[in-house]
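Trainee: Top to bottom, those sequences are chains A and B. Just so you know, we're using the working numbering here: the first sequence kicks off at 1 and counts up by one. Just so you know, we're using the working numbering here: the second sequence kicks off at 1 and counts up by one.
Source of the hints: derived by calculation from the structure; they are not laboratory data. Note that the structure is predicted; figures quoted are calculated from it, not measured. Just so you know, not all the hints are guaranteed correct.
To be verified - Across the chosen pairs, the derived CB separations fall in these ranges: (1) T325(A) / K304(B): 34 to 40 Å; (2) K318(B) / S94(A): 33 to 39 Å; (3) D270(B) / V294(A): 43 to 49 Å; (4) W288(A) / K304(B): 48 to 54 Å.
Cβ atoms here follow ideal geometry from the backbone N, Cα and C, with glycine treated the same way.
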Amino acid sequence: MAIFGLSVMVSHHDWAFAVFTVVSLVVIDATYLGGRRWIPAKYLIPGTIFLAIFVLYPVAYTVYNSLTNYGTGNNLSKSQAIELIQRNSIGASSNAVKYKLQVLAKGSPTGELAFLLTDAQGNVLLGTKQGTTPVAAGQIVKQGIRSTIEGYTALNLGQATSRQTEIQAFKVPSPAGEISNDSLTSAFAKTQGITYDAASNTMTDTATKTVYHEQDGSFVSDSGQRLLPGWRAFIGTRNYGRLQLTGTFLRVFLWTLVFAIGSVLLTFALGLFLAIVFSSERMKGKRWYRLAMVIPYALPSFMTALVWRGMFNQTFGVLNRYLGTSIPWLNQPNWARASILLVNLWLGFPYMFLVCTGALQGIPSDLKEAAVVDGATGFTAFRRITFPLLLIAVAPLLIASFAFNFNNFNIVYLLTEGRPAVQGSDAGSTDILISYMYKIAFGGGRGADYGLASALGVIIFLIVAAISAFSFRYTKMFEEVR
Amino acid sequence: MRFRNSLAAAALITSMVAAAAATASATTPGTTPGTTAGTAAAAPPATTPTTEYVPPTRGDADLVIWADDTRKQVLDPLAEAFAKAEGVKVVVQLVPSDKIRDNLSKSGPAGEGPDIIVGAHDWLGELVANGAVAPLDIDLSGYADVAKKAFTYDGKLYGLPYAIENIALIRNTDLVPDAPKTWADVEKAALDLKAAGKVDIPLAIQEGTADPYHNYPLFTMTGASVFAQNADGTYDPTKLGLDTPEALESAKNFAKWSSEGLINKDVNYDIMIEKFASGKAPFAITGPWAVNDAERGFKAKGVKYAVEPIPPLTEGGKAPAVFVGVQGFMISAFSKKADLAKSFLSDYVNTEQVMLDLYKAGGRAPAMTSAFDKVKSDADTAGFGAAGQSGQPMPAIPAMASVWTAWTDAYTAIFSGSDPTKAFQDAATAIRAKIGG
């Protein structure tokens, strides 16, 4: 398997992947065939390799992209771009006659090539390497649906395709220039509009003599004319400079924090409250209530978010119609923010409810009884005993929930698409960093701009990593309490 | 190369989620990965670019065509006949319409991907910038002018057009028996019916917050245009037209229509199609897709309607322009059999019969003039065709994404009561800052 993978990678010139495969292969073989000394590594190596592939690689690749101009107009390699620019500039020369072409071969279909050319007026020429000779109407012979002349076989497109390279190299000298094929059924005299000079690394327009120099992954003339396509080029930290971390970014970042923290606290508060209520001994029919409460969690959020969007519609939505109000749920910035939090609460509380129910059952009841014996009231017992013990169990989940909501693209995009809009800014009032990044990546001034979006992605990564690192240190404190 | 590209999009969105989740599960024993990943709200994204579409591979075919479901059905027999007559192996592969554009730019450089794609002309800006499509030399004198213009980018022809689609005014002939001559007539008839309580909404025009595509005829009534047009009808992307005097006048009109309730930001596609199909809206501005929708469409629901050009603002005024989308065949720049592909398009697809077959499958007006003449006895096709007469091709420049966004924002601002002049001036400023227009 590794050998097959390697052959694919080498043929695609993916050297980084090939090296990585070889190294991991050697390490894995050494680990599992290397005897007793390597036993601990047997457990660690697979995880480490998967960590490298699925975590470190995307991060490294994002950082790399953020230093390039990768995006619409710059997604090829330089050699591909040079080839395409030259090839696309080939066209009919200004006064060229366009001919219908029938490819002929002398004698058998593998014989020497010739072109049977018919112009718009119906005049027929036989084109050979020596030049053109007129063909009288009487000389033309039918061969099925095709025409040919005595001594030649007309090639069908399959036969012509198999001799494609020869046909493309076949030129018929004529007074208007060399006639060559444009497709397998048309031909005319061509000119090359733009040529590349490798020595000076410039492109030159053969007609106007304009010279294009390399600049940031494109060929650009002195007057600013840019040749398409460009290629992926390394542009240093310029994408980071374009991010403008103070204005829009700061606004979006603050809302992202409010959204993520708000979602966690609200879902946790409601989930915990319900868990306590339903863990009460006096409650009847608990099972059915619990079942009903898991429903929002069990339904696909893609569907429910869209249903909520419909219900929030100001004129036609269910909510405003039944409430008899005209609340601009998704149309006014603060209402839209409240709506998102509301929907996320609805989607998220069952999870917190389940987690808290589990954690509450794990707390020994004798602790609480002891507290009551010591004279604690119900609330004090909860605050002093149950809640701290509960927090030990669920704090890591709260942090994970925060990290998840920090990047909760779905809810924002399905419910509001980041709207209402803030005019003159890329990000709307409810955009969080991840949806802002998505908008930059696909809706920038030049179409897609992966370079800039990657730069933003790196910043988001740093923020989330910092918050997570800080939080885990903080939760360790809880564990020490125990 | 292909693997790298496919990881690029995934890396963008997931790296942070993955990193955060991984640290979480790695350092907290007792939490199973399952609960961590599903934390709080939702399963991992599925419609975001994290799930990568994998296009079909070429196999040993000489000619590979990427087309969506409807087009594949028409092209399959054609490809088979072509293959038999010419001794080549042709495969029509089913690739969903929204995947064709992205995957052409990805698969092509790796030597995979199609020779021919079927797609919309407004992909051209991106495809040409990415060097993904090749210029084409075909005589299009037998085709509608707007279709030719649409497939011409930077002075070069890049495709063989086959169908034209655009929006038109659709009138409920029971509620409004006589065709209105001016937009003022439409406005009056619609508001009167609403005031009389006979309809739910006066004009079913899809906004769904705000929709510049559907609003374009209302915008161009005053003579405004999104970009200034060159003498040959192509756009000059350096001359943005959103803050010309005509455009600002349109913006004011729009504010008036919004405040008097003719246009409502809350009407989305679902409400538009439901209200008109159930006779609860006298007018709709929409395209053939809403008429022909198999389940909810106007035809399927049996409402009596007529398809007409959108009338001018006042009698003798400028005919409003709608955006025209043109579907066509394009050749991949990475094709190794481009000569064969060009011959297939110019000799086999470029015929009246194929164009009529494509019309039968898709129901969009043929771009080939002689084919259109054969089917214009169909009132709907004729109506949409007439509305498209004064149309402009949808701009194809890659920067259009940022134009749509800022333009939508301007309409949204007007809906929420902002000054229309300022809203459009702000949009123009924002767009110029990005594309330097």
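Trainee: Are the hints correct? Go through all of them and say.
Mentor: These are the hints, each one checked on the structure:
Between T325(A) and K304(B) the C-beta distance comes to about 36 Å, which sits within the given range of 34 to 40 Å. Checked against the given bound of 33 to 39 Å, the beta carbons of K318(B) and S94(A), roughly 37 Å apart, stay inside it. Checked against the hint of 43 to 49 Å, the C-beta distance between D270(B) and V294(A) comes to roughly 29 Å, which is inconsistent with it. The beta-carbon spacing between W288(A) and K304(B), approximately 51 Å, falls within the hinted interval of 48 to 54 Å.
In terms of the numbered hints stated before, the structure departs from hint 3 and from no other.
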